[in-house]
Amino acid sequence: MQTAARTYFSKDAKDLTLAECAMLAGAAKSTVTYAPFSRYNMYDLENIPEEDIVGYVTIGSVQYACVFNQDSRDRQLLILDRMLELGYINEAEYNTAVNEDMRSALNPGQTKIAQISTLPMDYVKEKVIEDLMEYKSMSYKEAEAYVYRGGLTITTTIDVNIQKSLEESYKNFSYYFLGSEPSGETPVGEEWRYFKWVNGEAVGCLDSQKNVLNEYGQTIFYNKENIMDEENNIYLNPDEYSYDQSGFLVINSKKFDIFSSTIDIVDCYTINEEYNFVSHILGSLNIGDNLQILEQKGTKGKFLITKDFLDKNKNIFNVGDDKVLRISKDFFYYQDNGIVQPQSAAVIMDYRTGKIKAMFGGRNIEGSRTFNRASDAARQPGSTIKPLSVYLPALNMGYSASYILEDLPRTNEAGERWPKNWFEHRSVKYWGKLTLRKSIEQSVNTNAVNMLEKIGTQAAIESLTNFGFIDTENPNSDTFISPEEDAAFNDVNLASLGLGGLTKGFSPLSMTAAYGAIANDGVYVEPIAYTKITDSKGNIILENIPKTRVVSSPEAASLMKDILRTTVTNGLSYKAKLPDEMGIEAAGKTGTTQASGDFWYVGFTPYYIGGVWVGNDNVQMKLTGDSGANANLWREIMIPVHEGLEPAKFELNKNLIPVQVCKQSGLLPTEYCSQDPRGSQVITDYFVPGTVPSKYCETHVKAEICTNSNMLKSQYCPGNLVEQRIFVTRNKTYDHSFSVQDDAYQLPQSVCTSHTQWHYDQWLNQQNEPVENNDEEIPAEGEVEEEQEN
1 MQTAARTYFS KDAKDLTLAE CAMLAGAAKS TVTYAPFSRY NMYDLENIPE EDIVGYVTIG
61 SVQYACVFNQ DSRDRQLLIL DRMLELGYIN EAEYNTAVNE DMRSALNPGQ TKIAQISTLP
121 MDYVKEKVIE DLMEYKSMSY KEAEAYVYRG GLTITTTIDV NIQKSLEESY KNFSYYFLGS
181 EPSGETPVGE EWRYFKWVNG EAVGCLDSQK NVLNEYGQTI FYNKENIMDE ENNIYLNPDE
241 YSYDQSGFLV INSKKFDIFS STIDIVDCYT INEEYNFVSH ILGSLNIGDN LQILEQKGTK
301 GKFLITKDFL DKNKNIFNVG DDKVLRISKD FFYYQDNGIV QPQSAAVIMD YRTGKIKAMF
361 GGRNIEGSRT FNRASDAARQ PGSTIKPLSV YLPALNMGYS ASYILEDLPR TNEAGERWPK
421 NWFEHRSVKY WGKLTLRKSI EQSVNTNAVN MLEKIGTQAA IESLTNFGFI DTENPNSDTF
481 ISPEEDAAFN DVNLASLGLG GLTKGFSPLS MTAAYGAIAN DGVYVEPIAY TKITDSKGNI
541 ILENIPKTRV VSSPEAASLM KDILRTTVTN GLSYKAKLPD EMGIEAAGKT GTTQASGDFW
601 YVGFTPYYIG GVWVGNDNVQ MKLTGDSGAN ANLWREIMIP VHEGLEPAKF ELNKNLIPVQ
661 VCKQSGLLPT EYCSQDPRGS QVITDYFVPG TVPSKYCETH VKAEICTNSN MLKSQYCPGN
721 LVEQRIFVTR NKTYDHSFSV QDDAYQLPQS VCTSHTQWHY DQWLNQQNEP VENNDEEIPA
781 EGEVEEEQEN
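All residue numbers for the sequence shown refer to full-length UniProt numbering, where the first residue is 1 and numbers rise by one.
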């Protein structure tokens with residue numbers, strides 16, 4: 001009764017009048033039929049008398065009108081009649097109650113219904129509506145009305161405790177993402193350096209006035225004070241406008257983007273008290289077709305506003321004594337609240353059941369919440385695509401975790417060195433021989449491309465199709481661009497499939513679900529937001545059983561799971577490791593897109609999987625740091641989610657076979673493998689049955705070396721300068737102008753030329769003569785020929 005009193009009358013139950021009590025008592029029989037008011041969409045009010053609208057509520061991002069329910073009134077009068085008949089009330093009390101104006105009494109108590117963020121609830125609602133349309137043949141309008149006015153009970157998968165925990169974690173976003181408190185010197189997470197060109201590449205993003213530039217040096221955000229005055233009018237300096245001979249206003253300013261029929265204003269930004277970059281959308285000039293483009297190069301140029309329009313709209317601008325022209329805020333849209341950047345989204349799922357446990361669709365969104373970045377934002381996945389499109393297919397095709405890939409310089413079709421690795425800034429830009437496992441742990445771009453070339457792009461496409469990213473039957477419904485959709489610019493290429501440089505990309509929800517299949521030993525479970533819908537009588541309207549499909553052999557998936565585990569213990573995902581005292585293992589993969597536009601981390605434990613994305617809504621803006629920040633954010637999100645759970649480790653598939661191999665060849669070790677100058681190269685790794693190597697390492701070799709030249713010994717090298725060493729061999733040729741880390745351990749390709757027959761004879765004589773007679777000095781290199789000529 002207390003809840004109903006607050007909901008319908010905005011008062012405590014003890015303060016209800018007799019009439020109000022009778023109305024609520026009537027509703028108890030059926031809240032669908034006899035609720036004091038019903039909720040209507042704003043576009044359904046055509047035939048509703050204004051006096052019947054008793055208030056408004058907002059559920060999620062949608063506003064509804066509360067419309068007086070006459071059935072509730074009739075039920076109330078029936079109850080009052082019965083109470084008078086049975087003597088519970090007297091005639092005076094009865095008359096007062098039946099004459100009370102119930103339309104005035106009703107007062108919707110909760111104008112916004114949101115104990116937790118509305119985004120996951122909005123998502124649940126949309127999924128229910130979609131399913132009602134598909135399985136009950138309803139229109140969208142019918143399904144939506146049924147959801148909000150049909151008395152349905154929706155059993156959602158959202159775990160309120162996990163959802164609250166996720167939202168609490170995001171309140172500390174800046175600290176968790178940065179790993180420290182914001183400095184206050186630069187916006188949180190944003191690259192903030194002055195723009196310049198270095199070796200033909202753009203570095204930084206700010207001009208001298210701290211306007212934000214893209215990689216081409218074009219302004220994408222104006223510092224608000226450089227484009228708007230204190231009253232939010234656009235201002236133009238004297239050199240940005242003029243009048244022609246006909247009195248037309250001519251504008252030549254980079255603050256505008258010129259299109260065929262509109263003039264858009266470049267967006268602006270502010271920095272809030274928490275040191276967040278806040279983007280503000282500026283709309284188009286509201287001048288209709290009263291313009292003429294005079295000059296245009298790209299989206300910049302010169303245009304005029306006609307004199308007729310200016311005469312009819314004299315308040316569009318004014319020019320002050322300072323000669324600054326100010327365009328009135330009444331003639332364009334300005335998003336006052338703005339949107340905090342960088343944005344972020346996260347999803348937590350039970351990967352065994354497909355149940356979405358929590359969803360976070362955006363940071364600090366104070367206005368409309370209709371755009372859910374967790375489910376709706378397609379962003380380039382970067383390196384997080386590698387296990388899905390390249391390495392898991394490779395494991396299923398018979399490649400092993402110890403298969404050797406060579407991280408060496410390579411070029412693209414244009415002859416340019418590509419791809420480059422994340423450690424490109426170092427003097428050593430390539431590492432040489434790496435196992436498939438180590439290539440994932442260190443997210444080596446060259447080896448992802450090398451592996452993709454070996455398995456073929458078709459295998460990658462089939463894998464992404466199995467994971468649900470590609471819809472071959474309805475290609476327009478997915479975000480993958482096929483050659484059939486765009487022959488010139490599509491995603492069937494090495495950069496897209498191997499490195500995640502997709503045209504559009506994938507959503508955090510779809511990425512999380514895909515990694516869930518790895519965690520679930522090769523079985524993909526479609527994510528669901530609700531399990532069933534029942535009507536007011538408890539009848540099941542819909543039961544939501546997730547679709548499943550096998551995307552990998554259990555052995556290959558288990559092996560990939562173990563590789564992602566060591567990516568946390570030994571690789572770039574080390575920041576995702578949960579505290580030791582929890583005793584819960586974690587596995588996952590970081591991802592960074594080109595120019596640091598997107599950071600990803602998708603990881604899982606024996607309990608849950610979580611995917612976290614961070615990036616700017618404007619993809620031209622760069623983030624600072626690296627995707628390790630996302631791994632740290634993931635860790636801080638998952639710690640409270642796992643509090644109180646039992647320690648747990650991943651279980652390897654029982655069919656996997658542990659075998660000792662050489663990590664320079666991926667084959668069975670010989671005695672030379674343990675004598676490598678870097679230390680023993682013998683490791684133990686796991687193999688899918690049928691992939692255990694039968695051959696022995698031939699990469700390690702023993703060779704006699706001249707210690708003077710560090711080349712293979714020639715027949716003339718003195719014996720005291722000859723030494724046996726262990727080397728590795730490389731069959732692949734590459735551009736030696738770039739340093740490769742393991743070059744120092746490669747078998748020399750040249751024979752020593754420093755010594756001649758004379759040197760060898762001198763050494764031989766030294767071995768046969770008494771020491772006291774061995775006084776002759778061995779000539780230095782280059783002196784032998786001259787002495788022989790003399």
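Source of the hints: derived by calculation from the structure; they are not laboratory data. The beta-carbon is built from N, C-alpha and C at its ideal position, and this holds for glycine as well. Be aware that one or more of the hints could be misleading.
[Claimed, not checked] Distance windows between CB atoms, simulated: (1) GLN757 to VAL198: 50 to 56 Å; (2) THR299 to PRO475: 27 to 33 Å; (3) GLN70 to ASP12: 35 to 41 Å; (4) GLU230 to ASN107: 48 to 54 Å; (5) ASP330 to THR503: 35 to 41 Å; (6) ARG103 to MET133: 46 to 52 Å.
[Said to hold, decoys possible] The calculated lysine to aspartate or glutamate pairs, modelled on EDC-like cross-linking and capped at a C-alpha distance of 20 Å, are: (7) LYS702 to GLU651; (8) LYS312 to ASP330; (9) LYS254 to GLU273; (10) LYS329 to ASP264; (11) LYS141 to ASP131.
Here is what the structure says about each hint:
{"no.": "1", "hint": "GLN757 to VAL198: 50 to 56 Å", "verdict": "54 Å, holds"}
{"no.": "2", "hint": "THR299 to PRO475: 27 to 33 Å", "verdict": "30 Å, holds"}
{"no.": "3", "hint": "GLN70 to ASP12: 35 to 41 Å", "verdict": "27 Å, violated"}
{"no.": "4", "hint": "GLU230 to ASN107: 48 to 54 Å", "verdict": "39 Å, violated"}
{"no.": "5", "hint": "ASP330 to THR503: 35 to 41 Å", "verdict": "39 Å, holds"}
{"no.": "6", "hint": "ARG103 to MET133: 46 to 52 Å", "verdict": "35 Å, violated"}
{"no.": "7", "hint": "LYS702 to GLU651", "verdict": "40 Å, violated"}
{"no.": "8", "hint": "LYS312 to ASP330", "verdict": "14 Å, holds"}
{"no.": "9", "hint": "LYS254 to GLU273", "verdict": "29 Å, violated"}
{"no.": "10", "hint": "LYS329 to ASP264", "verdict": "14 Å, holds"}
{"no.": "11", "hint": "LYS141 to ASP131", "verdict": "13 Å, holds"}
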